[in-house]
Amino acid sequence: MSESKSFAAQAPVSAEIAARFPDLHPPFDATAAVVEAHRCLYCFDAPCMQACPTHIDVPKFIKKIATGNLEGSAKTILDANILGASCSRACPVDVLCEGACVMHRYNKEPIEIGRLQRFAMEALHESGAPLPFTPGADTGKAVALIGGGPASLSCAAELRRRGIRAVIYDARSLPGGLNTYGIAEYKLTLRASLQEVDLLAQLGVEFQFNTVVDAELLAKLEAEYDAVFLGIGLGAIHKLGVTGEALAGVTDALNYIADYKSGALTSAPERVAVVGAGNTAIDAANAAVRLGAREVHMVYRRGPAQMSAFAFEYEHAKQEGVKFLWHVQPTKVIGDGKVEGLELAQYAPSSDGSLVPTGETFVLPVDEIVLAIGQATHSDFLGGDAAKVKLERGRIVIDRATGQTTNPKYFAGGDCTNGGREVVDAVADGKRAGVGIAAYLQSGEARINHSTFAATPWAITAEVLY
Amino acid sequence: MPTLETTFAGIKCLNPFWLASAPPTNCGEQIMRAFDAGWGGAVWKTIGAPVTNVSSRYSSMDLNGQKMVGFNNIELISDRPTELNLREMAEVKRRYPKHQVIASLMVESKREAWHEMVKRAEDTGCDGLELNFGCPHGMSERGMGSAVGQVPEYCAQITEWVKEVARTPVIVKLTPNISDIRVPARAAKAAGADALSAINTINSITGIDLDTLEPRPKVDGKSSHGGYCGPAVKPIALNMVQQVMSDPNAALPLSGIGGIGTWQDAAEFILLGAGNVQVCTAAMHYGYRIVEDMADGLLNWMSKKGYETIDDFRGASLPRVDDWKNLNMNYHVVAHIHEDKCIGCQLCYTACWDGAHQCIHLDRVGDGPRTYETPDQVFAESLRKVSTTPIPKLDLDGPGLDGPYRTPLSRIPRVDEHHCVGCNLCSLVCPVPDCITMERQDKAPEPITWAERVAAGYVPDGVHGPNDFNPNL
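Residue numbers (the numbering used here), protein chains in the order written: chain R, 1110 to 1575; chain P, 7 to 479.
With the rest of the complex left out, here is chain R:
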């Protein structure tokens, strides 16, 4: 891939967005990183490593920062997690590695693992060095990966390292999936996501953009390729199902975030309501504030204790100035041609957790409504009754250790299998599936020997396995 075609160079640049969404957690400078690295105790069998879905050897990479061995540090991270850069910014570290840090039990601040990881990864990216891995000797095998998000990228990297061709099919014009389009810009910039994918392209991962895979194309891919990986994520955000929802000014959180990140959206009207209370809803509400809305409400049918957003995300939203309306449910979108208000029914929480309507309704005057009430699954193209792979409540059923679906030739990972989790979970899924596919292609047997995989220490690179 020539320099001029690098994905990062194609990133839309908006000075206004960059100014409105500066780093939430600014990077370490070299001195601070070394001081912080020295604070790490270098635990044996560290809890942070256990808590990381990709099982990065955290004490090892931190030790290497402490000694100035930044190349070694980056390689330690990438060995376990090929998307170490985006995870270092997007991970909810408070509930993963940093949440598990033994320092908590010592009444001390946990080691800032996320920022240290970012420090090591940025040192690698700034050096211009390629990924410290080479493609394996060509096996003549090829795998089609549907969807260009973290699960497919991670899977593709494992395949390339084993000499297997990896071709990613994505409906969008740029790779990275939610990493590129769906994560709040102050956590992970669109450009940083693409920079990371550029390194994977150097490893020989191929991309087919603007390609929507339908049942017909899927059949073709199945025939052409030795295996298929489904990293298709989730589908569209749910609708409210109330009148007025089609009015101008009603959008959904994923489009909202993608639009501002790509610079297509640079301002917000005076009053915005975000419906839902998950992490994506928080990202959208914070974005509305930063885009200039004077009043941003989050509207949620239950109470703060039931919201699915992480506690630190909730705190952050409050700091940004987002207001919260609890125990209300939208009943109608009001407006003439465009949104003017959102009619909300008031509920009362009852002791058994159910919601009891109080009979009262009121109208929240708003200029824009952003829906963030969960995503539908996106598996129609996998076939109806004669399904290619078994689904359960819309999710693709996989063997957690290998990513293999009920159809031996199909593997899957990421949100389409778990219903929507963190980037790092998708990376872990992709990694397991990549190793699983390689084993499947090598063994020539339909079913992979699970016992091998159940006993796989995932933090140790797969070289150990073969």
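Treat the hints with care, as some may be off.
Stated by the list, open to error - List of simulated lysine-lysine pairs, DSS-like, C-alpha gap at most 30 Å:
(1) R:Lys1329 <-> R:Lys1172
(2) R:Lys1518 <-> P:Lys391
(3) R:Lys1169 <-> P:Lys116
(4) R:Lys1348 <-> R:Lys1432
(5) P:Lys73 <-> R:Lys1172
(6) R:Lys1296 <-> R:Lys1114
(7) P:Lys391 <-> R:Lys1217
(8) R:Lys1250 <-> R:Lys1518
(9) P:Lys125 <-> P:Lys104
(10) P:Lys347 <-> P:Lys310
(11) R:Lys1296 <-> R:Lys1499
(12) R:Lys1217 <-> P:Lys347
(13) R:Lys1348 <-> R:Lys1447
(14) P:Lys169 <-> P:Lys331
(15) R:Lys1296 <-> R:Lys1184
(16) R:Lys1499 <-> P:Lys391
(17) R:Lys1217 <-> R:Lys1184
(18) P:Lys73 <-> R:Lys1184
(19) R:Lys1296 <-> R:Lys1169
(20) P:Lys18 <-> P:Lys310
(21) P:Lys347 <-> P:Lys228
(22) P:Lys391 <-> R:Lys1184
(23) P:Lys73 <-> P:Lys224
(24) R:Lys1172 <-> P:Lys391
(25) P:Lys224 <-> R:Lys1172
(26) R:Lys1172 <-> P:Lys240
(27) P:Lys116 <-> P:Lys169
(28) R:Lys1169 <-> P:Lys391
(29) R:Lys1499 <-> R:Lys1329
(30) P:Lys18 <-> P:Lys104
(31) R:Lys1114 <-> R:Lys1250
(32) P:Lys73 <-> R:Lys1169
(33) P:Lys104 <-> R:Lys1217
(34) R:Lys1432 <-> R:Lys1447
(35) R:Lys1172 <-> P:Lys347
(36) P:Lys18 <-> P:Lys169
(37) R:Lys1217 <-> R:Lys1172
(38) P:Lys169 <-> P:Lys99
Note that these hints are calculated values from the structure, not bench results.
Please read all numbers here as calculations on a predicted model, not as lab measurements.
On the provided structure of chain R, position chain P as indicated by the hints.
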């Protein structure tokens, strides 16, 4: 009220804190500022034959973010004219009559040269003389400094020459760059020295620039061995002070030097017999102001311990240093991990397995003791268990809801007390204060030493290890 006032080799001291002969005592202006900051005395940077210095001339060793744990210099004695130094010395004594000024001298090894320099120095009104027999670099190549200090005969000869004319106390500064520091100390004592100071700097190369391959400090692509000092050398200095002060043929009033930067350091040197202390690196690192805490801290400690004067505790720890053969082998301690304090880092576990005696295990949870499972096996088993990870909403049941973060039992190591040799390593690596304590579990009520056992004929002298034929086991 305890006092820091003391008398050292007949010299009345406001307090035991002197600046050592070094860059902080280069000129009168500096020394007067130091006295204003609280230093009781200063040993003027060594006066002698004209020299020219190189640059750079300092380098240091940093450790885990702590700057200047060890410090190194290839600087020579004062590069200012002798006349100027002596004139300023007189001026300082005139303005600060109660503070002590010691002239540090180093001249050519000729009787007349020493006689002349001693007289000129004492004419300034200084309180004493320190003979620099220690400088390990530059001067030694010219037959001075440690070239003198390493040869007991030279040491004695020059001390005698000085004593022939000196009217003030003569302090001989000893070099550590010698196999047995007691030998030159005995020579100095025999030659009539009034006091000793120890130690001077230790020969060292602090490090090498891995980009340019030049050792530090860099002088146009090359370097030279330099004198090591700073916190890192304190244990070596303490040992040498103890050796000198325990030897009746060597012991004299001794000014302790070597890595002193806090009141605790000073107390330790005095406990091993030093009459006062000299400080350099700490003052170079943080400035003269550090003396305030050194004096304040030492006084507070003295009050707490009931000591009125420096002499009340000077040398108090000397009887507690003995030959190994006189230690009680029946005294025994075993490690005890306080579970309520353990944070589960397991540093004690891996340290005991790799660095000590394999007496700590991770088998509190499970079917029973697994004392032969190596760290590698434990680690591999742990990885197998976490091959797929759920995402716990840890923030929902974090601190507050479920009490403070508790360490799961599976992460708290277990000490096999029966096999614990009481080496202490685990308690040294544990990051939490008082989490691992060493509990007394004597092997037998009666003390017994190796020397006693040999005397009783239990073992041939020097043949067997200490535990092999212990009659009490």
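Hints, one by one, checked against the model:
Simply put, Lys1329 of chain R and Lys1172 of chain R have alpha-carbon atoms about 48 Å apart, too far for the 30 Å limit, and the pair is violated. Distance check on the hinted pair: Lys1518 of chain R and Lys391 of chain P sit about 27 Å apart at the alpha-carbon level, within 30 Å; holds. With a CA separation close to 60 Å, the supplied pair Lys1169 of chain R and Lys116 of chain P exceeds the 30 Å bound. Annotation: proposed proximity of Lys1348 of chain R to Lys1432 of chain R holds, straight-line Cα distance about 22 Å (limit 30 Å).
Between Lys73 of chain P and Lys1172 of chain R the alpha-carbon distance is near 18 Å, which keeps this suggested pair within the 30 Å criterion. For a cut-off of 30 Å, the pair hint linking Lys1296 of chain R to Lys1114 of chain R stands: about 25 Å separates their Cα positions. For a cut-off of 30 Å, the pair hint linking Lys391 of chain P to Lys1217 of chain R stands: about 28 Å separates their Cα positions. Restraint check: the Cα-Cα separation between Lys1250 of chain R and Lys1518 of chain R comes to about 13 Å, which is no more than 30 Å; the hinted pair holds.
Distance restraint check for Lys125 of chain P and Lys104 of chain P: the Cα-Cα separation of roughly 21 Å lies within the 30 Å cut-off, and the hinted pair is therefore satisfied. Note on Lys347 of chain P and Lys310 of chain P: the hinted pairing holds, with a Cα-Cα distance of about 29 Å set against a maximum of 30 Å. Among the hinted pairs, Lys1296 of chain R with Lys1499 of chain R is inconsistent with the structure: their alpha-carbon atoms are about 35 Å apart, more than 30 Å. Between Lys1217 of chain R and Lys347 of chain P the alpha-carbon distance is near 13 Å, which keeps this suggested pair within the 30 Å criterion.
A hinted pair counts as satisfied when its Cα atoms are at most 30 Å apart, and Lys1348 of chain R with Lys1447 of chain R qualifies at roughly 17 Å. At roughly 40 Å between alpha-carbon atoms, Lys169 of chain P and Lys331 of chain P are farther apart than 30 Å, so this suggested pair is violated. Between Lys1296 of chain R and Lys1184 of chain R, the direct Cα distance comes to roughly 23 Å. Compliance with the 30 Å bound is thereby established for this hinted pair. Proposed proximity of Lys1499 of chain R and Lys391 of chain P is supported: the alpha carbons are some 27 Å apart, at most 30 Å.
The suggested pairing of Lys1217 of chain R with Lys1184 of chain R holds, with an alpha-carbon distance near 29 Å, which does not exceed 30 Å. With a C-alpha separation of about 29 Å, the suggested pair Lys73 of chain P and Lys1184 of chain R falls inside the 30 Å cut-off, and the hint holds. With a C-alpha separation of about 25 Å, the suggested pairing of Lys1296 of chain R with Lys1169 of chain R holds against the 30 Å cut-off. About 25 Å separates the Cα atoms of Lys18 of chain P and Lys310 of chain P, which keeps this hinted pair within 30 Å; it holds.
Of the supplied pair hints, the one linking Lys347 of chain P and Lys228 of chain P is violated, its CA atoms being roughly 51 Å apart against a limit of 30 Å. Distance restraint check for Lys391 of chain P and Lys1184 of chain R: the Cα-Cα separation of roughly 24 Å lies within the 30 Å cut-off, and the hinted pair is therefore satisfied. Of the supplied pair hints, the one linking Lys73 of chain P and Lys224 of chain P holds, its CA atoms being roughly 18 Å apart against a limit of 30 Å. Distance restraint check for Lys1172 of chain R and Lys391 of chain P: the Cα-Cα separation of roughly 24 Å lies within the 30 Å cut-off, and the hinted pair is therefore satisfied.
Straight-line distance between C-alpha atoms of Lys224 of chain P and Lys1172 of chain R comes to about 28 Å, which keeps the hinted pair within the 30 Å bound. Between Lys1172 of chain R and Lys240 of chain P, the direct Cα distance comes to roughly 28 Å. Compliance with the 30 Å bound is thereby established for this hinted pair. Straight-line distance between C-alpha atoms of Lys116 of chain P and Lys169 of chain P comes to about 14 Å, which keeps the hinted pair within the 30 Å bound. Between Lys1169 of chain R and Lys391 of chain P, the direct Cα distance comes to roughly 20 Å. Compliance with the 30 Å bound is thereby established for this hinted pair.
A threshold of 30 Å between alpha carbons decides the hint, and for Lys1499 of chain R with Lys1329 of chain R the separation of about 20 Å falls inside it, so the pair holds. Our distance criterion of 30 Å between C-alpha atoms is met by Lys18 of chain P and Lys104 of chain P, whose separation comes to about 8 Å. For the given pair, Lys1114 of chain R sits about 26 Å from Lys1250 of chain R by alpha-carbon distance, which is consistent with the 30 Å threshold. Between the alpha carbons of Lys73 of chain P and Lys1169 of chain R the distance comes to roughly 24 Å, so the proposed pair stays at or under 30 Å and holds.
Restraint check for Lys104 of chain P and Lys1217 of chain R: the C-alpha separation of about 48 Å exceeds 30 Å, so the hint is violated. Among the hinted pairs, Lys1432 of chain R with Lys1447 of chain R is consistent with the structure: their alpha-carbon atoms are about 23 Å apart, no more than 30 Å. About 25 Å separates the Cα atoms of Lys1172 of chain R and Lys347 of chain P, which keeps this hinted pair within 30 Å; it holds. Proposed proximity of Lys18 of chain P and Lys169 of chain P is supported: the alpha carbons are some 20 Å apart, at most 30 Å.
Our distance criterion of 30 Å between C-alpha atoms is met by Lys1217 of chain R and Lys1172 of chain R, whose separation comes to about 19 Å. Restraint check: the Cα-Cα separation between Lys169 of chain P and Lys99 of chain P comes to about 22 Å, which is no more than 30 Å; the hinted pair holds.
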